[in-house]
Structure formats: structure tokens, C-alpha cells
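Participant: Residues per chain, in single letters:
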Amino acid sequence: MKVIVDLALCQDHGQCAIAAPEVFRINDEGHLEFDGTPEEAMREYVEEAADVCPVQAILIEG
Amino acid sequence: MSAARVAVVGGSLAGLRAAEQLRAAGHTGPVTVLGAEPWLPYNRPPLSKEALAEGGAPDALAARLAFRRRASIADVDFRLGDPVAAAVLADRTLVTEAGHTLGYDGLVVATGLRPRRLAVPGPSTGRHVLRTVADCHALRAALSGPADVVVVGAGFVGCEVAGTLHGLGHRVTVVEPAGPPMVRVLGAPVATAVQRHHEAAGIRFVIGAGVTAFTGDSRLTGVVLDTGETLPADVVVEAVGSVCNVEWLAGNDLDLSDGVLTDNHLRAAERVVAVGDLARFPNPLVDDVPRRVEHWSIPTDTAKRAAATLAAELAELAGVTPDLVRNGAPFAPVPSFWSDQLGLRFQSYGSPALADEVRVEEGDPDHLPGGLLATYHRDGRHLGSLAINLSPARQRELREAFHHEGVPA
Numbered sequence: 000m001k002v003i004v005d006l007a008l009c010q011d012h013g014q015c016a017i018a019a020p021e022v023f024r025i026n027d028e029g030h031l032e033f034d035g036t037p038e039e040a041m042r043e044y045v046e047e048a049a050d051v052c053p054v055q056a057i058l059i060e061g
Numbered sequence: 000m001s002a003a004r005v006a007v008v009g010g011s012l013a014g015l016r017a018a019e020q021l022r023a024a025g026h027t028g029p030v031t032v033l034g035a036e037p038w039l040p041y042n043r044p045p046l047s048k049e050a051l052a053e054g055g056a057p058d059a060l061a062a063r064l065a066f067r068r069r070a071s072i073a074d075v076d077f078r079l080g081d082p083v084a085a086a087v088l089a090d091r092t093l094v095t096e097a098g099h100t101l102g103y104d105g106l107v108v109a110t111g112l113r114p115r116r117l118a119v120p121g122p123s124t125g126r127h128v129l130r131t132v133a134d135c136h137a138l139r140a141a142l143s144g145p146a147d148v149v150v151v152g153a154g155f156v157g158c159e160v161a162g163t164l165h166g167l168g169h170r171v172t173v174v175e176p177a178g179p180p181m182v183r184v185l186g187a188p189v190a191t192a193v194q195r196h197h198e199a200a201g202i203r204f205v206i207g208a209g210v211t212a213f214t215g216d217s218r219l220t221g222v223v224l225d226t227g228e229t230l231p232a233d234v235v236v237e238a239v240g241s242v243c244n245v246e247w248l249a250g251n252d253l254d255l256s257d258g259v260l261t262d263n264h265l266r267a268a269e270r271v272v273a274v275g276d277l278a279r280f281p282n283p284l285v286d287d288v289p290r291r292v293e294h295w296s297i298p299t300d301t302a303k304r305a306a307a308t309l310a311a312e313l314a315e316l317a318g319v320t321p322d323l324v325r326n327g328a329p330f331a332p333v334p335s336f337w338s339d340q341l342g343l344r345f346q347s348y349g350s351p352a353l354a355d356e357v358r359v360e361e362g363d364p365d366h367l368p369g370g371l372l373a374t375y376h377r378d379g380r381h382l383g384s385l386a387i388n389l390s391p392a393r394q395r396e397l398r399e400a401f402h403h404e405g406v407p408a
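Chains as they are written, first to last, in numbering that gives the first Met the number 0: chain A, 0 to 61; chain B, 0 to 408.
Calculated directly from the structure, the hints in this document are not laboratory data.
The C-beta atom is built at its ideal place from N, Cα and C for all residues, glycine as well.
Wrong hints could be hidden among the right ones.
One-sided and incomplete, this derived list gives chain A residues near chain B with beta-carbon spacing under 10 Å [as the list claims (entries may be wrong)]:
{"#": "1", "residue": "L6"}
{"#": "2", "residue": "P37"}
{"#": "3", "residue": "M41"}
{"#": "4", "residue": "E47"}
{"#": "5", "residue": "Q55"}
Taking lysine to aspartate or glutamate pairs in the DMTMM-like style, the calculated list, with each CA pair at most 20 Å apart, reads [claimed, not checked]:
{"#": "6", "chain 1": "B", "residue 1": "K48", "chain 2": "A", "residue 2": "D11"}
{"#": "7", "chain 1": "A", "residue 1": "K1", "chain 2": "A", "residue 2": "E28"}
{"#": "8", "chain 1": "A", "residue 1": "K1", "chain 2": "A", "residue 2": "E38"}
{"#": "9", "chain 1": "B", "residue 1": "K48", "chain 2": "A", "residue 2": "E38"}
{"#": "10", "chain 1": "A", "residue 1": "K1", "chain 2": "A", "residue 2": "E46"}
{"#": "11", "chain 1": "B", "residue 1": "K48", "chain 2": "B", "residue 2": "E198"}
Cβ pair distances, simulated, as ranges [unchecked claim]:
{"#": "12", "chain 1": "B", "residue 1": "T214", "chain 2": "A", "residue 2": "E21", "range": "26 to 34 Å"}
{"#": "13", "chain 1": "A", "residue 1": "M0", "chain 2": "B", "residue 2": "E315", "range": "45 to 53 Å"}
{"#": "14", "chain 1": "A", "residue 1": "R42", "chain 2": "B", "residue 2": "R203", "range": "43 to 51 Å"}
{"#": "15", "chain 1": "B", "residue 1": "R115", "chain 2": "A", "residue 2": "L8", "range": "27 to 35 Å"}
{"#": "16", "chain 1": "A", "residue 1": "D5", "chain 2": "B", "residue 2": "G168", "range": "27 to 35 Å"}
{"#": "17", "chain 1": "A", "residue 1": "T36", "chain 2": "B", "residue 2": "V242", "range": "57 to 65 Å"}
{"#": "18", "chain 1": "A", "residue 1": "G29", "chain 2": "B", "residue 2": "T226", "range": "39 to 47 Å"}
{"#": "19", "chain 1": "B", "residue 1": "A73", "chain 2": "A", "residue 2": "H30", "range": "42 to 50 Å"}
Using the sequences provided together with the hints, build the complete structure.
Facilitator: Here you go:
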């Protein structure tokens, strides 16, 4: 599974980091960091993160 | 596997998520989504923020804001631009405004809301609402040079529009009969603090006044208030709440008194579920009173539960035993919403609007950009939390609190 975040859209709401903390996190500067190739076991959480993103910036490929 | 046909009436977020979640729940039969607007489902919150600020033609806006379609719904048939006019549940048929009929085995009601309009005398030009990309385009197109804008209604949409139009250089006045901005949700201490913040930024609020008429002949020139004052206006935005799109369901013995009444599993009738803003369901996190919840998280949450309910019912018809464990659990979503206004980012969890006591736990109400946390209570129970400009890490604690407090027995 490949995760892509459109950083031009991302506004650091951090809702993804609540839905899938193993994959997305907001760093100490308040900006998004994420694992672009999470394990397949994370899919349900990554999909939830993509669903709850207020600006719909998260794309899941594969 | 069930080959039952599912019709999803409503082509916005709730309808899209319902289609996705039907697939996730194992439904393999045909799914048709019928949308009133001519565009594939798109994300509405930016319409009062970035999309309004940046502008664009409706087609371009809809393309820019379109939700990504999961591979699982590649075979879902989207029939757009033709609203459903009527349903006959006893026959399991739908008829559209263009006169097309469609039979189904299972029905998802996802027709959502439309803006309420003011019923006052005066010219009809220059009056706008904001719900669709067409509305957003029309409002933006009406504002070429700096203009006098009156926003009627200080709810979330009204305040977001006011903030965005102020940022574009327009002179913005917000008129609200009920109380300080967003008071129904935020409660008085926070709402009055937000009003002070917005006023300091340059927005005028007229609180406690109602609109009695618009002035002007061919062109709108002003807004007459019941205080006797007339506000100059080139453009009015009516942000006075919503009406449920349920007329097409009339005559079917459903309770349509406020949206569509469902049980806790979003079931409205045999093989009929409702999702999104118009589903009126009890949430055991609060109590046993069915309520509609107009928060952005609710279409996704209700779609998940409703799709499981409907897929199980259709599977049972086909002789497959539904997953009793998954389908037996109570549906107890933690509603959440966010809003961006003039340098303030609001993030709410739970049901602050149902509380009767507000506690400001952290922060200075006279300096909201520095951060504020308020909690909301009723009968000693914690029902909601609101963060203004707090970090996502803090927000996680706020959301988790409701999961840990859990569902009362």
C-alpha cells in the first residue's frame, strides 16, 4: 500500500494522526509527517484517515 | 452472495460513503447512486472558505473538490443531475424528475439538506445561499469590487462566509436574532469571546435583530431590520439554517417530522436506511432521544453503520446469515466538526450543543488565537469538548475521552 498526501492541500488539521497514529503524526512544529508505505495491516486505519481528512488530501494507491 | 440491487438516493458525501461501505460490508450486487446535482460527490466545507476565496466556475470547483473514488466502487452507477421526485416503498420503485423509474431491493436515503430561505418582501436579486458549487460561484461572481455584504445568520456557515468575504476586502455585517455567533453550539461564554475576536478583525455584528424586508427595485440596496435600522447591502447571504430534502419520501408511512426517523442502526423501514444530515437516530453516548446531527463526520459514520444494517438485511433475504456480532453493537459515534474563521481553528468532539453548562478549562477568552479549551456538560455528564487553536495532539485526548467514557449501560 502506498500513501500519498497532497501537501499543497494539507492544512495540518491532524485528523489523520488521530485515525491512524501509526502512519500519520503531527510533529513538534505542528506539521504532518507520515509513512508513505505502511503495512497492509494498517489499511483500515489509513482508509479512515483518508475519509476524515477535512481537505481530502490523502490518496491511497494499491 | 446477494445480487440485490441497492439505490442510494443522494449524491453527496453520505451517498458516496454509503456506496463505499456497502462494498466494505460485503454487498456485491448492483449499486446506483442518484444525485440531484450534475457533479460527482464533492467536499462542501471549502465552499465557504478556500473555494469562495479563490473562485471558479462550478464545473472547475466540482472537479477541484471531488472526492477520490475508491476502486471498490468503480462499478457503482452514478446517475447525476436528475433528482428523485418520489419513492413508493411498497413497490420498491423510484421515479425521477425527468420521469425515469428505477426498481431496487434496498434503499439508502442520503438526500441531505438544502438552505432555508428568508420569506420577507423585497427584490429577489442579490440574495444568495451557500450549499453547492453553483451557489459558491454565483456568490463570488456577484462580488466584483468591494461591496457591502450582509450575512443573515451567525451560525458556522454564516461566520465562515463572513470571514472569507472580509478577507476579500468586502464590508461585512452579520445579522443574527438569536444571540452571539454560533451560541447554540459554543455556549455563551465562548460565543461572546468569538464575537469580540471577529469584531476586532473588522466584522460588524448586529445581534438580537431580525430581517423584515429587503430594499431596492431591480437591484438589492439594503436590508431592513426590525430595530428600524436599514443596512446598506449590495449582496445578502442567507445562512439561516437548513431544510431536510425528504419530500420525495412522503406518503410512505415514514416519520419525516424532522429528517428521517431511524432506529439506532439507521434503519427507517424494511430494507430502508438513512444516512447523513437527515438521519434522526438515538446516540447512546448521549441518551435515547433520536436526533439529527449536522456535523461533517456524521455522513461517514452513519454510512458505515447503515451499510452494515442494509447489507445484513439483504444477505439474510438471500439466505446468508449476517454477522451478528458486528451488527449487534450499538451505534455510538463521537460527532466532530471543525471550522476555520479569521485565524481561529475550531475543533469539536461530542455534542456541545446538547449541554447546558460550559466550562472554560484553559486559555484566555480575550485572546483566542493563543488557544482555548472548553468542555460542555449536562446533568454532571461531559457531553462535548471544543478546542480553539490547540494542537492535534491535544485534540486526540479530547476525542479519546469519549471513547474511554464509553456507552453508559
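Participant: Take the hints in turn and mark each one as holding or not.
Facilitator: Each hint, compared with the structure:
Among the interface hints, the one on L6/A is violated; its C-beta lies about 15 Å from the nearest C-beta in chain B, farther than the 10 Å criterion. About 17 Å separates the beta-carbon of P37/A from the nearest beta-carbon of chain B, more than 10 Å, and the hint is not met. Hint status for M41/A: violated, given a least beta-carbon distance of 16 Å to chain B, over 10 Å. This hint holds: E47/A has a C-beta 8 Å from the nearest C-beta of chain B, less than the 10 Å allowed.
The criterion of a C-beta within 10 Å of any C-beta in chain B is met by Q55/A, whose closest approach is roughly 5 Å, and the hint holds. The straight-line distance between the Cα atoms of K48/B and D11/A is roughly 16 Å, inside the 20 Å bound, and the hint therefore holds. Restraint check for K1/A and E28/A: not satisfied, since their Cα atoms lie roughly 25 Å apart, outside the 20 Å limit. Using a Cα cut-off of 20 Å, the hinted pair K1/A and E38/A holds, with the two alpha carbons roughly 9 Å apart.
At roughly 35 Å between alpha-carbon atoms, K48/B and E38/A are farther apart than 20 Å, so this suggested pair is violated. For the hint linking K1/A to E46/A, the alpha-carbon distance of about 12 Å falls within 20 Å, and the restraint holds. For the given pair, K48/B sits about 19 Å from E198/B by alpha-carbon distance, which is consistent with the 20 Å threshold. Here the CB-CB span from T214/B to E21/A is close to 59 Å, at odds with the stated 26 to 34 Å.
Take M0/A and E315/B: their Cβ atoms lie about 33 Å apart, and the range 45 to 53 Å is violated. In this structure, R42/A and R203/B meet the distance hint of 43 to 51 Å, their C-beta atoms being roughly 50 Å apart. Separation of R115/B from L8/A is about 31 Å and conforms to the stated range, judged on CB atoms against 27 to 35 Å. Between D5/A and G168/B the Cβ separation comes to about 28 Å, which falls inside the hinted range of 27 to 35 Å.
The given range of 57 to 65 Å is broken by T36/A and V242/B, whose C-beta atoms sit roughly 46 Å from each other. Distance hint check: the CB atoms of G29/A and T226/B are about 43 Å apart, consistent with the given range 39 to 47 Å. Here the CB-CB span from A73/B to H30/A is close to 34 Å, at odds with the stated 42 to 50 Å.
Of the numbered hints stated above, those contradicted by the structure are hints 1, 2, 3, 7, 9, 12, 13, 17 and 19, listed in ascending order.
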